[in-house]
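Colleague: Please take these sequences and the hints and turn them into a complete structure.
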Amino acid sequence: MPDLTIERITDPGGDVILRAAGILDAKSAPTLMSRARAVSGEGSHLILNLHGITFIASSGVGSLLALVEDFTEAGLEVHFTELSSAVRSVIRLLNLDKFLQIHATEAAAMEARRKAA
Amino acid sequence: MSDPAEKLPIEPHRSSLEAPGELRAGAMLRLIAQREHSLLSLMELSSELTVSLDLFGIADLALYNLMGQLGTSKAAIWIVPPDSRDIVLLRCHGVRKPVARAMGTVRGRELARHLFDQDEAVPTAELLQVLEPASARLVAQTELVLFCPITARENLIGIIGLGPKISGDAYETVDFGALRGSMGMLGVALENTRLYNQLLEKHRQIRRANESLKELDRLKSEFLRNVNHELRTPLTIIVAYVDVLMREEGKNEEFLKVVAGESVKLQALVEKLLEFSDLTQRSLEIRLETGNLAEFVTRFHEDRLPGVAESLRELTLVQDEDPLPARFDRNHTRRILDALVDNAVKFSPPGSHIEIAVSRIADSDSAWARIDVRDDGPGIPPADLTRLFDTFRQGDGGLTRDAGGMGMGLALARKLAEEMGGSLGATSEPARGSTFSLLLPVE
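From first to last, the protein sequence lines stand for chains A and B. Everything in the first sequence is counted per the numbering used here, starting at 674 for the first residue and increasing by one. Everything in the second sequence is counted per the numbering used here, starting at 134 for the first residue and increasing by one.
Among the clues, some could well be false.
To be verified - Here are a few chain A residues that face chain B, going by a calculated C-beta distance under 8 Å:
1. 702
2. 704
3. 730
4. 738
5. 742
6. 766
7. 767
Since the hints were made in silico from the structure, they are not lab data. All values derive from a computational prediction rather than experimental measurement. Even for Gly, the Cβ is constructed at its ideal location relative to N, Cα and C.
Modeller: Shown next as structure tokens:
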């Protein structure tokens with residue numbers, strides 16, 4: 674069983690939802706980045722559900738920040754939803770919530786995307 | 134060197150033991166949590182650096198770790214090749230790639246010179262005062278606020294640049310300490326990877342040379358067996374007729390014709406002997422077999438990865454279909470892919486990305502296994518593209534001449550592809566890169 678599993682869903686608005694579960698560290702970050710880059714390659718915005726992340730290493734946090742920068746450079750958005758407690762605590766510690774677009778639910782993220790569009 | 138924290142717009146960190154009594158418990162706990170995070174990040178990096186022995190993989194995990202450790206969304210890493218005047222961009226996030234690349238190729242050495250004697254991170258503000266104005270402008274455009282030298286065994290291996298913290302806090306003394314530790318580990322990891330890649334590439338070259346020598350030896354033995362037989366027959370005839378000539382009179386003209394004929398045969402044989410040096414042509418005999426092309430290309434990718442990384446190009450593999458049964462000659466296919474990868478390395482600058490992609494394509498009439506070798510180099514002008522596969526032909530641009538030419542390699546590669554019932558073609562977009570596509574029949 675891989676450390677990180679990612680389920681892909683396309684929402685009715687055409688954005689892509691990736692639901693990540695497991696451990697997000699240096700070993701698994703390339704998998705997330707690869708799946709996310711496929712989304713930006715299609716020109717789609719991304720909603721990343723982190724509900725199932727049980728552990729996040731610094732490399733995992735860094736990969737999330739890199740992902741946002743890569744999407745922004747491509748003129749696309751990343752929205753984060755349903756942060757697990759492991760993710761939420763490190764994001765609070767580093768004050769990253771002012772940089773990341775975080776929503777309580779996928780529905781809220783979709784709504785934010787619809788308003789932005 | 135003076136304390137870098139003094140030059141930053143923040144009060145240097147005081148350890149929790151020195152904290153004044155009025156520091157509230159919440160702030161104390163937060164400080165402790167931040168220190169714990171920093172320490173854990175450092176420990177994670179030491180273990181993560183064992184995950185990858187790929188130069189670009191190490192660059193990725195080092196940047197991710199530092200970004201997550203310090204809470205910055207901007208970071209870049211350059212490598213300092215031992216034999217080049219430029220420094221080469223490996224990865225960047227939150228920094229415009231053209232700027233980060235230009236800084237490496239145009240002004241990198243000056244930056245490297247200033248960082249060489251430093252044993253810890255240098256704030257950009259400090260660098261801007263000592264760099265030439267053109268270099269300073271480029272450094273400022275990166276929006277990075279710290280530059281860290283990566284050293285190993287007293288050599289500058291690379292440079293990492295970091296952006297401002299998202300929290301708005303400035304870098305503190307404790308961050309400089311953590312960065313020093315991270316750079317030390319990273320320097321050793323990069324140096325080890327470079328040495329490991331060099332070793333693997335030398336091993337690959339020796340293995341290939343050994344295979345070629347074995348093949349040449351086999352062909353030499355075969356050739357000598359044939360020569361032995363072919364020489365003996367005409368010589369026997371000549372000797373016999375000369376013997377008769379010596380004993381009979383009046384038939385000299387007819388016998389001399391025979392002698393002349395056999396002499397021509399001997400001449401042809403001598404010609405063949407002269408062609409002996411071109412034995413490689415005979416090693417092109419085709420041996421088609423059915424196999425999993427996806428697995429074959431995976432092994433090829435593993436085999437070439439260290440050498441390509443050593444040349445500071447990134448070589449990645451994309452497999453759309455595995456297994457992919459196809460009918461192909463392993464030696465032919467390897468030779469073609471070698472030529473295409475060598476070509477991509479030659480015609481793309483350090484820091485470029487080369488991708489091998491394997492897929493299956495089909496239309497109503499036929500199905501093919503397809504291997505693309507793409508690079509993001511300068512591309513090939515349309516006029517040169519049509520002549521690319523001509524024997525002894527190569528693009529006429531300056532870069533082509535600098536690179537030493539590949540005309541014969543590509544012509545031969547196409548010939549081998551056609552012998553297998555496939556094809557080899559190329560598309561290119563100037564300034565965007567080139568794609569060479571090998572099609573092979575699927576089983």
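Colleague: With reference to the structure, classify each hint as holding or not holding.
Modeller: A quick look at each hint next to the structure:
1. 702: 6 Å, holds
2. 704: With Cβ-Cβ at 12 Å, over 8 Å, it is violated.
3. 730: The hint holds - residue 730/A has a Cβ within 8 Å of chain B, the shortest such distance being about 5 Å.
4. 738: OK, holds: residue 738/A within 8 Å of chain B, min 4 Å.
5. 742: Hint holds; residue 742/A Cβ to chain B Cβ min 4 Å, cut 8 Å.
6. 766: 6 Å, holds
7. 767: 4 Å, holds
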